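Novice: Chains as they are written, first to last, in our numbering: chain A, 1 to 164; chain B, 1001 to 1062.
Accuracy of the hints is not assured; some may be wrong.
Calculated lysine-lysine pairs in the DSS-like style (CA-CA distance at most 27 Å, straight line) [to be verified]:
#1 A:Lys99 <-> B:Lys1047
#2 B:Lys1015 <-> A:Lys99
#3 B:Lys1044 <-> A:Lys49
#4 B:Lys1056 <-> A:Lys100
#5 B:Lys1056 <-> A:Lys153
#6 A:Lys55 <-> B:Lys1056
#7 B:Lys1015 <-> A:Lys25
#8 B:Lys1056 <-> A:Lys38
#9 A:Lys49 <-> A:Lys100
#10 A:Lys158 <-> B:Lys1044
#11 A:Lys148 <-> B:Lys1044
#12 B:Lys1037 <-> A:Lys113
#13 A:Lys148 <-> A:Lys49
#14 A:Lys153 <-> A:Lys49
#15 B:Lys1047 <-> B:Lys1037
#16 A:Lys153 <-> B:Lys1015
#17 B:Lys1037 <-> A:Lys100
#18 A:Lys38 <-> B:Lys1044
#19 A:Lys20 <-> A:Lys49
#20 B:Lys1044 <-> A:Lys99
#21 A:Lys99 <-> B:Lys1056
#22 B:Lys1015 <-> A:Lys113
#23 A:Lys108 <-> A:Lys148
#24 A:Lys55 <-> B:Lys1015
Just so you know, the hints here were simulated from the structure itself, not pulled from any lab data.
Bear in mind that the values here come from a model prediction, so they are computed numbers and not experimental data.
Next come the chains, spelled out residue by residue.
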Amino acid sequence: MQENANHPENPERGYANILKMMIFKYHNWKRSDGTLRKAPIIPVYAQSKNGRLLKIFALVDSGADMSLMPKDLALLLGLNEKDTETGTTAGIGGEIEVKKANFSFAIKNEHEKYDISLVTLVMQNTNLNVPPILGRNGFFEQFHITFKQNEEKIILKKVQPKDS
Amino acid sequence: MAQETTLLSDEELEKFAGEWVVICDDQVIAHSRNLTKLESDINKCRKTPTILKIPKEDTLIF
């Protein structure tokens, strides 16, 4: 109980559970007016079509139903787009043409590593200036995700079968 | 405890806005608006290369 009480993130959990959390700092990017743009961008690890391991930064977006990926990144990763599943998706940025593809990657830190596989929407317009996005479907089910905006960090904890 | 993800300086972020950046061993080794043009640079990196899309200021995230 004593070590739980000292846990800064979750006093109800023990030290073993602390190690199972993955904490990532937000990116702070300065705008031209000097204000900061804070973004929960996390590193994920995926293989290129040539089998090369890549570290790719993706935006964790709780407002997105689906994950999104730029076309050129999908080409680099050799993702097989499903031609029969072309469609459009819309957000506050407008409507875009997409194709579905399976995306496998890993999230890890010094203590934990999790392999994830989900369906992502590949944006067909290569001129869009949108980073890879991890949306809710396929990703948020797998982790307890806490956004700590004031502390500028995002905490991921893998959902265990006993929690479901 | 949190993983540090500060990769680029403010100057670099401004310089590469709207581009893909390849970072190898903490150094930017290539950048382009088209990631497929960076494939040979990615393959040159002997460590795990980092791929980062630098947003423009006017980018709207869905």
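Novice: Compare the structure with each hint and give your call.
Specialist: Evaluated hints:
Annotation: proposed proximity of A:Lys99 to B:Lys1047 is violated, straight-line Cα distance about 32 Å (limit 27 Å). The straight-line distance between the Cα atoms of B:Lys1015 and A:Lys99 is roughly 31 Å, outside the 27 Å bound, and the hint therefore fails. A distance of roughly 15 Å separates the Cα atoms of B:Lys1044 and A:Lys49; the hinted pair therefore holds under the 27 Å criterion. The hinted pair formed by B:Lys1056 and A:Lys100 meets the criterion: a straight-line CA distance of about 26 Å does not exceed 27 Å.
Restraint check for B:Lys1056 and A:Lys153: the C-alpha separation of about 22 Å stays at or below 27 Å, so the hint holds. Between A:Lys55 and B:Lys1056 the CA atoms are separated by roughly 21 Å; this keeps the pair inside 27 Å, and the hint holds. This hinted pair checks out: B:Lys1015 and A:Lys25 have alpha carbons roughly 23 Å apart, not beyond 27 Å. The suggested pairing of B:Lys1056 with A:Lys38 holds, with an alpha-carbon distance near 14 Å, which does not exceed 27 Å.
Restraint check for A:Lys49 and A:Lys100: satisfied, since their Cα atoms lie roughly 17 Å apart, inside the 27 Å limit. Taken as a hint, the A:Lys158 and B:Lys1044 pair is broken in the structure, with Cα atoms around 34 Å apart against an allowance of 27 Å. For the hint pairing A:Lys148 with B:Lys1044, the CA-to-CA distance comes to about 37 Å; that exceeds 27 Å, so the pair is violated. Only pairs whose Cα atoms come within 27 Å are accepted, and B:Lys1037 paired with A:Lys113 is rejected, the gap being roughly 30 Å.
Taken as a hint, the A:Lys148 and A:Lys49 pair is broken in the structure, with Cα atoms around 35 Å apart against an allowance of 27 Å. Note on A:Lys153 and A:Lys49: the hinted pairing is violated, with a Cα-Cα distance of about 32 Å set against a maximum of 27 Å. Among the hinted pairs, B:Lys1047 with B:Lys1037 is consistent with the structure: their alpha-carbon atoms are about 19 Å apart, no more than 27 Å. Between the alpha carbons of A:Lys153 and B:Lys1015 the distance comes to roughly 25 Å, so the proposed pair stays at or under 27 Å and holds.
For the proposed pair B:Lys1037 and A:Lys100, the alpha carbon gap of about 23 Å is at most 27 Å, so the pair holds. Using a Cα cut-off of 27 Å, the hinted pair A:Lys38 and B:Lys1044 is violated, with the two alpha carbons roughly 32 Å apart. A distance of roughly 30 Å separates the Cα atoms of A:Lys20 and A:Lys49; the hinted pair therefore is violated under the 27 Å criterion. Simply put, B:Lys1044 and A:Lys99 have alpha-carbon atoms about 30 Å apart, too far for the 27 Å limit, and the pair is violated.
For the hint linking A:Lys99 to B:Lys1056, the alpha-carbon distance of about 24 Å falls within 27 Å, and the restraint holds. A hinted pair counts as satisfied when its Cα atoms are at most 27 Å apart, and B:Lys1015 with A:Lys113 does not qualify at roughly 33 Å. With a C-alpha separation of about 19 Å, the suggested pairing of A:Lys108 with A:Lys148 holds against the 27 Å cut-off. In summary, the hint linking A:Lys55 to B:Lys1015 is supported, as the alpha carbons are separated by about 21 Å, within the 27 Å threshold.
In summary, the structure is inconsistent with hints 1, 2, 10, 11, 12, 13, 14, 18, 19, 20, 22 from the numbered list given earlier, while agreeing with the others.
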